[in-house]
Amino acid sequence: MSDPDRVLLCYCTCPNPASAQHLAETLVRESLAACVNRIAGIQSTYRWKGEVTSDSEELLLIKTTAGQFEALKERLLAVHPYELPELIAVPVERGHAAYLEWVRAAGGD
Amino acid sequence: MSDPDRVLLCYCTCPNPASAQHLAETLVRESLAACVNRIAGIQSTYRWKGEVTSDSEELLLIKTTAGQFEALKERLLAVHPYELPELIAVPVERGHAAYLEWVRAAGGD
Amino acid sequence: MSDPDRVLLCYCTCPNPASAQHLAETLVRESLAACVNRIAGIQSTYRWKGEVTSDSEELLLIKTTAGQFEALKERLLAVHPYELPELIAVPVERGHAAYLEWVRAAGGD
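Residue numbers (the working numbering), protein chains in the order written: chain B, 112 to 220; chain D, 112 to 220; chain X, 112 to 220.
One chain only, chain B, in its complex shape (with noise of 0.2 Å):
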């Protein structure tokens, strides 16, 4: 659907800081993603089951490919502890181009 040389800015939000650390490791550590910001102590509101509910939660901002997305899905998905984790990705449209290149390059070894 779009050039697999596009970068993408994903969000995965995570229920504590354990998980979140396991999961962005796990994500560098397999070349599916070059580089993941993880902000703490936010608090999310949805609703569930009905009720609208907060719970404290962790943010990761994960830095990959569109090339690399489905492969980062699918061990996401394998890792993350929440029944229905959120993963959403954002096109990057511009940037600084030696560090887009080293996305990219993260992503070949």
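Mixed in with the good hints, there may be bad ones.
The list treats identical chains as interchangeable, and a pair is accepted whether it falls inside one copy or across any two copies.
Unchecked claim - Dumping the calculated DMTMM-like pairs for lysine to aspartate or glutamate here, alpha-carbon to alpha-carbon at most 20 Å:
1. 160 x 194
2. 160 x 212
3. 160 x 141
None of these hints come from the bench; they were simulated from the model.
With the hints as your guide, set chains D and X onto chain B.
For chains D and X alone, coordinates are given in the frame of chain B:
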């Protein structure tokens, strides 16, 4: 302009935890957003009346659809304490299909 | 390539609060960005010289326009302490019209 089922990731800053949590709960309760993540303790820098200014804020990440966006915007502008609230939306290009379906279904009640 | 008035949301990581705040103030003072949000205390995981590494960083969310992006990039690369700074930009597809106008006007001084 775009497919009403397209998922959007919206960003909105709020002045403090109470206003951010109130806005998050309002949007989810009224089925205008599927999920809102609240990031506390951000520092925002901008120019106001000619001076460079920095303030503490909270940041909301709001998951909704293109079809819900106009109604969400109207409600957010009515509830938000700022004269000129930030509300920007970036397109979600890919994701975990079951999660995207959950976002779409949350707006359908 | 794209409309110069298009609003972009840029992401850039910095090694510490001082460098992040300095960069935020520089970009706003020089009218290269309308607003910068600084998220403290993030943990970044990446591969460097073959090893999976984690570091504390700060994340900047920079609101600018496509027409300002090249000048912002040049200035950011000159000021940033890293050899290979992250700078990626995602397109803003929708938003509160008055806020988008404010972002565009901030680059026009």
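Hint check results:
1. Taking the shortest alpha-carbon separations for residue 160 and residue 194, only the intra-copy value of 14 Å comes in at or below 20 Å, while the best inter-copy value is 35 Å.
2. Taking the closest pair of Cα atoms, residue 160 and residue 212 come within 20 Å of each other only across two copies (16 Å); inside a single copy the shortest separation is 44 Å, beyond that limit.
3. Taking the shortest Cα distances, residue 160 and residue 141 sit within 20 Å of each other only across copies (15 Å), while inside one copy they are farther apart (36 Å).
Of the numbered hints stated above, none is contradicted by the structure.
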